[in-house]
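A.B. asks: Chain residues, written in single-letter form:
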Amino acid sequence: MEYLALLAGAAAGSALLGWPRHGLLARWRAARDASERVRREDALKHLLKCDANRAPATALSLGGALGLREAEAAALLRDLEARGLVSFAEGRLALQPDGREIALHVVRAHRLWERHLAEETGISEARWHRLAERQEHRLTPAEADALAARLGHPLSDPHGDAIPSPGGELSADDGQPLNAIGTGQPFMLVHIEDEPEDVYADILRLGLRPGMRGYVMGRSSAVLRLWIEGREVELRPSMAQQLSARELDAVSRADLRGERTLAELFPGARGGVIGLSASCRGAERRRLLDLGFVPGSVVEARFASPAGDPTAYEVRGALVALRRDQARYVRIAPEGEVAA
Amino acid sequence: MSVPPEAGAAGAPAGSGEEIFQVSRRLRTGIEGDVHEHLVEALYADAGRIAARAVSRPGRERRATFDATLDRIVTSRLWGFPVMLGLFALMFWLTISGANVPSALLADLLVGKGYPWLQELALAAGLPAWLRGLTIDGMYLATAWVVSVMLPPMAIFFPLFTLLEDFGYLPRVAFNLDRLFQRAGAHGRQAMSTMMGFGCNAAGVVATRIIDSPRERLIAILTNNFALCNGRWPTQILVATIFIGGLVPAHLAGLVSAAAVTGVAMLGVGFTFATAWLLSRTILKGEVSTFSLELPPYRPPRFWRTLYTSLIDRTLFVLWRAVLFALPSGAVIWLSTNVEIGGRSLAEQAITGLDPLGLALGLNGVILLAYVIAIPANEIIIPTVLMLTVLSAKMTGVGGEAGVIFELDSPEEIKRVLTAGGWTVLTGVNLMLFSLLHNPCSTTIYTIYKETRSARWAALATLLPLFIGFAVTALVAFLWRALS
Numbered sequence: 001m002e003y004l005a006l007l008a009g010a011a012a013g014s015a016l017l018g019w020p021r022h023g024l025l026a027r028w029r030a031a032r033d034a035s036e037r038v039r040r041e042d043a044l045k046h047l048l049k050c051d052a053n054r055a056p057a058t059a060l061s062l063g064g065a066l067g068l069r070e071a072e073a074a075a076l077l078r079d080l081e082a083r084g085l086v087s088f089a090e091g092r093l094a095l096q097p098d099g100r101e102i103a104l105h106v107v108r109a110h111r112l113w114e115r116h117l118a119e120e121t122g123i124s125e126a127r128w129h130r131l132a133e134r135q136e137h138r139l140t141p142a143e144a145d146a147l148a149a150r151l152g153h154p155l156s157d158p159h160g161d162a163i164p165s166p167g168g169e170l171s172a173d174d175g176q177p178l179n180a181i182g183t184g185q186p187f188m189l190v191h192i193e194d195e196p197e198d199v200y201a202d203i204l205r206l207g208l209r210p211g212m213r214g215y216v217m218g219r220s221s222a223v224l225r226l227w228i229e230g231r232e233v234e235l236r237p238s239m240a241q242q243l244s245a246r247e248l249d250a251v252s253r254a255d256l257r258g259e260r261t262l263a264e265l266f267p268g269a270r271g272g273v274i275g276l277s278a279s280c281r282g283a284e285r286r287r288l289l290d291l292g293f294v295p296g297s298v299v300e301a302r303f304a305s306p307a308g309d310p311t312a313y314e315v316r317g318a319l320v321a322l323r324r325d326q327a328r329y330v331r332i333a334p335e336g337e338v339a340a
Numbered sequence: 341m342s343v344p345p346e347a348g349a350a351g352a353p354a355g356s357g358e359e360i361f362q363v364s365r366r367l368r369t370g371i372e373g374d375v376h377e378h379l380v381e382a383l384y385a386d387a388g389r390i391a392a393r394a395v396s397r398p399g400r401e402r403r404a405t406f407d408a409t410l411d412r413i414v415t416s417r418l419w420g421f422p423v424m425l426g427l428f429a430l431m432f433w434l435t436i437s438g439a440n441v442p443s444a445l446l447a448d449l450l451v452g453k454g455y456p457w458l459q460e461l462a463l464a465a466g467l468p469a470w471l472r473g474l475t476i477d478g479m480y481l482a483t484a485w486v487v488s489v490m491l492p493p494m495a496i497f498f499p500l501f502t503l504l505e506d507f508g509y510l511p512r513v514a515f516n517l518d519r520l521f522q523r524a525g526a527h528g529r530q531a532m533s534t535m536m537g538f539g540c541n542a543a544g545v546v547a548t549r550i551i552d553s554p555r556e557r558l559i560a561i562l563t564n565n566f567a568l569c570n571g572r573w574p575t576q577i578l579v580a581t582i583f584i585g586g587l588v589p590a591h592l593a594g595l596v597s598a599a600a601v602t603g604v605a606m607l608g609v610g611f612t613f614a615t616a617w618l619l620s621r622t623i624l625k626g627e628v629s630t631f632s633l634e635l636p637p638y639r640p641p642r643f644w645r646t647l648y649t650s651l652i653d654r655t656l657f658v659l660w661r662a663v664l665f666a667l668p669s670g671a672v673i674w675l676s677t678n679v680e681i682g683g684r685s686l687a688e689q690a691i692t693g694l695d696p697l698g699l700a701l702g703l704n705g706v707i708l709l710a711y712v713i714a715i716p717a718n719e720i721i722i723p724t725v726l727m728l729t730v731l732s733a734k735m736t737g738v739g740g741e742a743g744v745i746f747e748l749d750s751p752e753e754i755k756r757v758l759t760a761g762g763w764t765v766l767t768g769v770n771l772m773l774f775s776l777l778h779n780p781c782s783t784t785i786y787t788i789y790k791e792t793r794s795a796r797w798a799a800l801a802t803l804l805p806l807f808i809g810f811a812v813t814a815l816v817a818f819l820w821r822a823l824s
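Keeping their order, the protein sequence lines are chains A and B.
Residues in the first sequence are numbered consecutively from 1, following my numbering.
Residues in the second sequence are numbered consecutively from 341, following my numbering.
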């Protein structure tokens, strides 16, 4: 009797451990394989980004990007070489066509997923990058294509990075570091680097987003003062290094100074809409556009609710209530500066 | 490779399709900003130009002044809230007092006359006793009860509500209350679905359609059950009169029991906000959220049209669903009390089984069983409780046969039956709490399922309030016993 029980226990135990595909061993092996694949894909992604920005890639830079010791990074590169994904021809570390294809897919999946999170969910911005880091290894090329089609084949992700087309080229990072923009020169933010994550979170907290316009008010060695979307922002030059901007020549500083948001309009006052803030995304943005908050519309603040928020605005003959958080998204020129 | 379908359809060689795709992509990259936004702008610009040329608006100035004046009053710091409270108090008063007479008439017709008449008819037709019991005592009686209690209040409340909606006042209520809902992570328009929920939760859930933001709409659906619906007011008033009014001198009894019922309703509002706050920060965090609230111009309500649509769309719609669920439930009520295993009916066995849990919650097995078998409508809870109490306590001289739900004429008689069934003040208090905090009726659960198209949300909407109800009654029972 006892032998029988022992035997049954042993059988159950070995089944639990060694059952094909569902046993603990098989699961552990699958998890290990997956994490090795993730590491390979991350390595290829690093090489592709170096390639696009014409920066030389080495075992050292790879180790830095993936958080590996140099010996580990070298072993990883040997593995990639054995699989025919990279080559060291002409003494230069370069992607092979197969490796390039995988890397391009991963980058594309990452940026598409961030775009999806921004447009179709209410998940907070600070989590997009980490979620996309995970999802980029799960989406198949076919799934990525379906996602792209559903999102209307977007050209850029929420940070302002271009989403590559399958089999296409990865374009180099746009713009120049914000630190290199001259004082007083109007610019538009085009890109925010999302790594390291904690600095990125700080940038988000300051409310900076790609697409925002402003100019540098002044700088010292310790601080950079910006006028951006109708308010003043101070940040450390080390943070500004993560921001890229493009110089705007058609916009004057006076235009930028004159910008207000709808939230600053007192009841009875009017203003012409210049546009929506770049930080307003997805369903929220489409709703505001649908309501008629488009460039050229004249808006009059009418009355506030008894609790002070929301406020009713008259836009194109309709009375619409917006919360203060939303009214901040609508950039306006106070009446008189825009022809009604 | 995603090549636009029309390139292939035109029969062009694959190479040129790819070329077109690349060209279009290059052109699109050249456009500053978002293509769709340019389209919206262009549409508005064109529409504005056409409207300026083609539309004239005689009398617009005077209308605008009238609207502005009215808006200033109903959204003012001083008058906004008093006007709102006054209007809703009036609406509830009209509903409750106005429904009494037609309810009594309907009950007299369907239960007082129709029920004996059907019994005689069945007897004359020679139907066997069990079939008569199942169909007439069970199915017909439960349905007749639901109709007579449910129909009149809804037929008054819904048209009144729709009139205010049609006039354009309700969006102003949402405007006034939005700040409150915003703090809880909800939408101001939930004020309207909650208000509707005081009439009927199933209708309240349907009313959440006006909330166009997915996250806030789910919040409104999941918390609608905390609005004390019409079907639960009579239970609250009766139990408060018997058990809480009985604690104070007679001249204060009316006031104190009214305060107790209002307190329970306010507690429901409190739970609405607390649960909304919790939901929006936990499981609903990732859902899409936007806000917009249009304040349409005021207009004279179209009385007859409103009356017609609110009766068809809301009243009959809800009533029909309630009847669909009341029929089988009537059968279950009758069967559970008449099918015997081992000499005791199923209901008695269930009551014995549920008693330990019920007593731990400061309730009893009868109440829990009543909430299970009377799930189609809160209206028949008290009749079911009375019938089950008489059955399980083996009382004679009150009520009819087993499985025949009944109501007594005076609160004193009900109190006598319930006290004989072992009820205390704690049972009364916890029944009031449990009546507020338990699963929605089956009509509402089904409506939630239809509206969200998700069994998951329907299950959550069912279990969440039930869980809260168990927790709150257990806590009250524990404190009550510890302190006394």
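Because the hints were derived from the structure by calculation, they are not lab data.
Please note that a few of the clues may not be correct.
[To be verified] Covered by chain A, according to a simulated footprint, are these stretches of chain B (three or more residues, beta-carbon under 8 Å):
| id | segment |
| --- | --- |
| 1 | 356-370 |
| 2 | 408-419 |
[Unchecked claim] Which chain A residues stay away from chain B? Per the calculated CB distances, all over 10 Å, these:
| id | residue |
| --- | --- |
| 3 | Ala75 |
| 4 | Asp98 |
| 5 | Gly152 |
| 6 | Leu155 |
| 7 | Thr183 |
| 8 | Ser277 |
| 9 | Pro295 |
| 10 | Ala307 |
| 11 | Arg323 |
| 12 | Ala333 |
Virtual Cβ for every residue (Gly too), placed ideally from N, Cα, C.
A.B. asks: So, for every hint listed, does it hold in this structure?
C.D. replies: Here's how the hints hold up against the structure:
Counting residues of the segment 356-370 of chain B whose beta-carbon sits less than 8 Å from any beta-carbon of chain A gives 3, enough to reach three: the coverage restraint holds. Counting residues of the segment 408-419 of chain B whose beta carbon lies closer than 8 Å to any beta carbon of chain A gives 6, which meets the minimum of three for the stated coverage. Every CB of chain B is more than 10 Å from the CB of A/Ala75 (nearest about 35 Å), matching its label as outside the interface. Under the 10 Å C-beta cut-off, the non-interface status given to A/Asp98 relative to chain B holds; the minimum distance is some 17 Å.
The beta carbon of A/Gly152 sits about 7 Å from the closest Cβ of chain B, which is not more than 10 Å, so the claim that it is off the interface is violated. At roughly 6 Å, the least C-beta separation between A/Leu155 and chain B is not larger than 10 Å, which violates its mark as non-interface. The beta carbon of A/Thr183 sits about 25 Å from the closest Cβ of chain B, which is more than 10 Å, so the claim that it is off the interface holds. For A/Ser277, the condition that its CB be more than 10 Å from all CB atoms of chain B holds, with the nearest at approximately 13 Å.
With a least CB separation of 6 Å from chain B, A/Pro295 falls inside the 10 Å interface cut-off, contrary to its annotation. In this structure A/Ala307 is not separated from chain B by more than 10 Å, as the shortest Cβ-Cβ distance comes to only about 3 Å. Against the 10 Å criterion, A/Arg323 falls within the reach of chain B, whose nearest CB is about 5 Å from its own CB. Against the 10 Å criterion, A/Ala333 stays outside the reach of chain B, whose nearest CB is about 16 Å from its own CB.
When each numbered hint is compared with the structure, violations occur for hints 5, 6, 9, 10, 11.
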